[in-house]
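Protein chains in written order, with this note's numbering: chain F, 34 to 1163; chain W, 15 to 337.
Incorrect hints may have been included.
To be verified - Pairs of lysine-lysine, DSS-like flavour, derived with a Cα cap of 27 Å:
hint: 1; chain 1: F; residue 1: Lys327; chain 2: F; residue 2: Lys315
hint: 2; chain 1: F; residue 1: Lys468; chain 2: F; residue 2: Lys341
hint: 3; chain 1: F; residue 1: Lys242; chain 2: F; residue 2: Lys336
hint: 4; chain 1: W; residue 1: Lys52; chain 2: W; residue 2: Lys36
hint: 5; chain 1: W; residue 1: Lys334; chain 2: W; residue 2: Lys256
hint: 6; chain 1: W; residue 1: Lys256; chain 2: F; residue 2: Lys517
hint: 7; chain 1: F; residue 1: Lys451; chain 2: F; residue 2: Lys315
hint: 8; chain 1: W; residue 1: Lys334; chain 2: F; residue 2: Lys501
hint: 9; chain 1: W; residue 1: Lys256; chain 2: F; residue 2: Lys570
Please keep in mind that the hints were generated in silico from the structure rather than gathered at the bench.
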Amino acid sequence: MMRILKNGLCLTLAFLMVFASMSVFAEGPETEEDAPQLLSAAEEPDASEGESEGEKEAERESRLAEIRDLLNSITYRTYRENYAEIPAATDTIHIDANSYDPAATTATVLLLDDVADSAGTVESGESLAIGEEGRVTFPFHVEKSARYSVLIRYLPVQTFTKDGVTITGYNSSAQRGLLFDDQYPFKESRYLEFPRIWQDQYQIDEDGKPHFEADESSDSDLRPPKKETPLWQSIYATDSTGYYLEEFSYYLEAGDHTLTLSEMQEPLMIRWIELVPPQTFKTYAEALAEYEQKGYAPAELSKEEYPKLDAEYADYTSAQVVYAVNDRTSAITEPQDPAHFYLNTIGGEKWNTVGQWVEWTVEIPKDGLYYIVPRSMQNVFDGVYSSRALYIDGEIPFYEAGFMQFSYSNEWKVEPLKSATGEDLKFYLTAGTHKIRLNVVLGEMGEVLAQVESVMNVMNSYYLEILKLTGPSPDNYRDYEFSKLMPDVLRGMVRQSERLYDIADQLAEVNGYSGEKTVTLSETALLLETMGLDEYKIAENFSNLNDKVSALGNWITDTRYQPLQIDYILFTPADENVVLPQAEAGFWDSLKFEFGAFVLSFFTDYNTMSESITEDSHDVVVVWMTTGRDQAQIIRSMVSDQFTAEKNIPINLKLVAGGLLQATLAGVGPDISLNQGADGIITYAIRNACISVEHMEGFEEVRKRFTTAAMIPLTLYGKVYGLPTTQGFSVLFYREDVLSGLGVEVPETWDDVFGIIPTLQNNNMQLGIPAVLTTYLYQTYASEENYRKGNLETPYGEQSQYENGVSDEYGIGYPYENGYKPGYLVKDAIYVMPDGTEFNLNYGSVVNLDGQNALQSFKRMCEFFTLYSFPMTYNFTNRFRTGEMPIGIQGYGFYSTLAVTAPELRGLWAFTKLPGTYNTNDDGTVSLNHRTHADVSAIMMVRGCGDDVTEEGKRVRADAWEFMKYWTSAEAQSRYGNELLALLGASGRHSTANLEALKSQPWPAKDRKNLEEAFGWVMATYSMPGGYISGRYVQFALLNVYNDAAAPIPAMLEYIDLINAEQTRKRKEFHLPTMENYDDYDYAAYFEEHYQIENAMGGHILENVPTLEEQTSEHLAAVERLKAAEKENA
Amino acid sequence: MNENEAAVRPASRKEKRPTARKDMTKIGWTLHEMRRGKMGYFLVAPFMILFFIFTVLPVLLSIFFSFTIFNMLEPPEWIFLDNYISLFLDDDIFLIAVKNTLIFASITGPGSYLLSLLFAWFINELTPKLRSVMTLFFYAPSISGGAYMIWQLMFTTDQHGIVNGLLMKAGVISQPIAFFQNPDYIFPLIIVIALWTSLGTSFLVFIAGFQTVNRDLYEAAAIDGIRNRWQELWYVTLPMMKPQMMFGAIMAITGSFGFGGIITALVGFPSPDYCAHTIMHHLSDYGGTRMEMGYASAIAVILFFMMIGANLLVRKLLDKVGK
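Work out the full structure: start from the sequences and follow the hints.
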């Protein structure tokens, strides 16, 4: 199942996966001529239009220089070939951490003495803590030119403090780039990874046996939390993608040099860096000879004495996503039970990325030769094998142990660890405790993958080159004269095809058969050959080229995953006569197990996550959530750890799949619904199905946790109906390399956007604009600023006045040229809440999309699709990767998607706030505003939650409110976010609405800054009764324009009346004032009924509302002022 | 005792004397017959109870709710005929929906019915093995659940999509056509897809029906003067298949009136300018999105009566078969 999902995802996403890389991965001699000059080295960016601040210019220059470097750097393969002749070093150069050069160091650094790790090992001497930003440089001297490997002793700690200076990290692995003499010797040197170390917190009882905590209600095992346990580690600088099995060896000439660690992600602590001779390993043959020579024999143990370790109780892992999982496919997995979910294996699909290791400790009774026999299963990718490297006590015993293979099977296997050639490996182990570590490696596939990736990148660059000339659908019958215009492309295609054929043959050898895995390669090679040899075949096969590149990308992604699941590891004497235990259960055992499981499934309760004991003073608060089971387990453990333990309020968590509406109607609903979309909340609110919280204790404080914008979709006429949990918004994603290749800057304003369109279209590229209401709203709101009162800026984290941050779709009483409807500011219609906020009950009775600015914005939006022919429907991920759509607007969650599915694009893309609009303020100044629209979901208190009248009922409400406060607190949200990352990997980012929690999430430094900036511009619209209708009709209007070439503004105006009619109808249903009856509506009675004037609520109707004449004259005055200001600024 | 009674006097003394209808009232007689057949009632009871609760009761409740305003979260409010009045007099979209539904129903209803019949008739001629294979072949689209999504893939608005890509390559268009978003194209496409998925249960029933016709009748008919296959079909086969045809007709009608799910999946909800908006969509719009269950119930009641009407019409037509 996961495989199908993964394949599907990869297929759609991997269309043109690494297209984007183009000449990035251009290698030395082979492709220098081939790589099309999308980024000509002599490209100078144009002087910017008017805003030439020296700083900005310089920053951009350096950014461009960086991109140029990245695109022109060589791969390690080429580097290695270049320097293969140089002898390996024979000495070790030791660089102490405190020998850094302060002058050349821009990072925040701290020197700490005698740092101990979580196991108590102390590194005496001074260690250097390096902050997230900036670089550190170490000078050193080399006696003789040679090749050195780099060994770094580091401690993955999160926080360091000294003398009042604190360096804090998050919890992703640290990354650094390694430079020598301020240059990256090769591309891969930019991404060195320093993983953190984690420990599962399972329990160990008195006799030393570990076990997992069981859930009280279902008696299944609960996944233990992971604790970070930093340990001092020495690691080699090695390829983080795993393509190269050995560590990097750098060529250093004799003389003085500097070594620099450049910024990437997370702080890092180093004790020393050593330049050592490259590692050499003895081969297995040599090891066997050694065993002979030393007279080692298979250990003499009886069957009961074989040491066995349960793989699910690992000592340490290097990734949060590798944890104990439940396996129910086999009856003899240890331990197993038909009714309960026991955590009986480790790994599975999540243990799949290079660099993830798991370590166990084993007690060996006698010296001797052993086979290491895991019970394992690799059932995810057919036709490929997974590889693992074995470390015994931190060292790889011999070369072949560095890449042992586990081939595909959909059954468990019990086999000794084998070499790549299929030989059972014998290991010599002394009596005593040993540490066994299995690390994910690509093994022999690494080289193959690297090759295929480079071919793919080159193909991608050819695709773009041809695209520029022919457009996405070349004409089959036209002679484009490829051989004249791009002869190198044609030659290159033939060459790449030869490479692919070679690789396919190589693979067939490695795999032992040529099957589905090589077909993709052969087909692609054939296509390239066809296109390269006959230029007339290029046009008709162009889209095939497209497909094949994505197929290759798909292939690479698949082949790069190395999943493996392990149940237990058995150590048997290295004797062929040893009988290994059964791998799978017999027929009857399986039948018994499966049947038992089936019968028991009728009795097991899968919904209740936790049943808390009712305390005398507190009733249970029932919470429903519609998340996945894994997330639900996280929430369950969080709630019992942090909430119930502290406040003593019992929570009953239920995992449901919907049905909230029906349950509420029937009166059997929950007290709290954990994740509800904002639209749903208002729907419930207007029908009195949820309870407002603005009068609850501590609300003012709680409100400060979120941006004003986040609270807006949850508010209706002064009452707030929930607390936001997630907040997503759109940002602008762009391909730096493609844009700088075109000489185009990232647009800051919408005018800029129109300005870059010609360049894009000349190169047959596109802009990604979503064809939905929100796009139109960005443009509208941006322009409405001049009419807004109060602050225009909403700096990140600062809470401005409640009024501001409002971008209204339903402006009543906001003056602008047409659409102004005076008189809605009727006396008695404005109510003032106890905290001072005001609202007008007429708000929402008409829509102001017929205002001048709104209509102009709509027209502009339609022009994107009609005049400029940008696509309405497109797969942004694919096109972004190819580079066809180098710039586009997407929700910021897309960041995680891209980071996970397109790691080849690392360093080539970024995101920033949306393009803005210039606004003229009241005082004549001009400001730029980059509003983006927020998408909020929230936690809400449902109607059935106690009642406000009885003592008991009040207590239940107070308790439920406590839970709501807890759930949206920074503590809970950041823990939830981190656990989600641990559970789902990098793609599981939680777009929390809590500002503090968001700040504490792990983001690379540069992206964090961009996110914070964009966050400051988030706005929201109110949800009004009948609000669903405006999105619908705007879409109709847009489609009319697109399909039938209707004129935008008349089309829109037609629908405005319909929208207003529906609004009126809905408001009548809820007895709200409408545009028909607003002047003789009884406001006082409404407020009396719903807001209880003159009682504990404390609100009152606003007096002193301006009269109609006053309003009109004020409006006209504002219009005059505006016109004057615009004339000035024109 | 008269002779009748003597003739039927039971041997055993315990058995009751059979009574005659004229001895009691209509109600009495009904109860008596019910008591006599109570085993039958017991056997039918499980199905009847469930059928009542889940099919009949909702229909009755729907009729009840159609006279109220019910927003699904608060108790309903009685407003008598207001829903119907606004439905007929004030609702433009409803008229569009009725128009769309009638067009769909009249094309896809008889269309799919005749198609099923025709294919069943053709397949009937084949050998049994081949027949089962071909049956599977034709029945597959309707059991495969989401297979109609293929159409969405083919006709996507993305310029790299299959149809758009081909058309653009052939030079027919220069900008991708939004097939499922353009009112001009949606209708024909939906009809084609509806016919494609419509070879469903009725198809199977027809095949079975063709099988059950007594072979002797064909001989008799030949003797009576039937000259060709067509006459055979009209005078012998179809009249013998009346029950199956009735079933097929009802399925076709219910299907075509209730045809909405596929449209939503392909075109989105609502369709641009309500061009493919059927009564079912209108119903779920009001029931689901606008949360006006009372109004939606009124629509449902109207739909119910429309379907009953259509059924009666079809029954009359089917009576004419064979005459």
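Hints and how they fare:
Taken as a hint, the Lys327 of chain F and Lys315 of chain F pair is honoured in the structure, with Cα atoms around 16 Å apart against an allowance of 27 Å. Between Lys468 of chain F and Lys341 of chain F the alpha-carbon distance is near 13 Å, which keeps this suggested pair within the 27 Å criterion. A C-alpha spacing of about 21 Å is found between Lys242 of chain F and Lys336 of chain F, which places the hinted pair at or below 27 Å, so the restraint holds. Straight-line distance between C-alpha atoms of Lys52 of chain W and Lys36 of chain W comes to about 22 Å, which keeps the hinted pair within the 27 Å bound.
Among the hinted pairs, Lys334 of chain W with Lys256 of chain W is consistent with the structure: their alpha-carbon atoms are about 11 Å apart, no more than 27 Å. Pair hint Lys256 of chain W plus Lys517 of chain F does not hold up; C-alpha atoms about 74 Å apart against a cutoff of 27 Å. Distance hint between Lys451 of chain F and Lys315 of chain F is fulfilled; the C-alpha atoms sit about 17 Å from each other, no more than 27 Å. For the suggested pair Lys334 of chain W and Lys501 of chain F, the alpha carbons sit about 68 Å apart, so the restraint of at most 27 Å is broken.
Taking the CA atoms of Lys256 of chain W and Lys570 of chain F, the gap is about 60 Å. The hint is violated against a cut of 27 Å.
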